[in-house]
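In full-length UniProt numbering, the protein residues as written are 1 to 64.
Do not take every clue at face value.
Unchecked claim - Quick list of in silico lysine-lysine cross-link-like pairs, DSS-like style, CA-CA up to 27 Å:
1) 37 <-> 24
2) 17 <-> 39
3) 31 <-> 17
4) 31 <-> 2
5) 39 <-> 2
6) 24 <-> 2
7) 2 <-> 17
8) 39 <-> 24
9) 37 <-> 17
10) 37 <-> 2
No wet-lab data here; the hints were simulated from the structure.
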Amino acid sequence: MKLQLNVPNMACGACAKTITEAVKSVDSSAKVAADPKTKCVYVETEASETSVREAISQAGYTAS
Numbered sequence: 001m002k003l004q005l006n007v008p009n010m011a012c013g014a015c016a017k018t019i020t021e022a023v024k025s026v027d028s029s030a031k032v033a034a035d036p037k038t039k040c041v042y043v044e045t046e047a048s049e050t051s052v053r054e055a056i057s058q059a060g061y062t063a064s
């Protein structure tokens, strides 16, 4: 499944790394591209959208 999520409180490269690690905690084989400039996270994963959003939320970010 491919997801495009808006994460408005992603401010820097460290935030992007944290979000990437959070998604990979749900699906270690997920492909993640997080761009702090556009505030977008692109995810290709076998995990559900709900579990990806929850992982990002638990890392302290809001995904919409």
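Status of the hints after comparison with the structure:
no. : hint      : result
1   : 37 <-> 24 : holds, 21 Å
2   : 17 <-> 39 : holds, 13 Å
3   : 31 <-> 17 : holds, 13 Å
4   : 31 <-> 2  : holds, 9 Å
5   : 39 <-> 2  : holds, 17 Å
6   : 24 <-> 2  : holds, 14 Å
7   : 2 <-> 17  : holds, 19 Å
8   : 39 <-> 24 : holds, 18 Å
9   : 37 <-> 17 : holds, 14 Å
10  : 37 <-> 2  : holds, 20 Å
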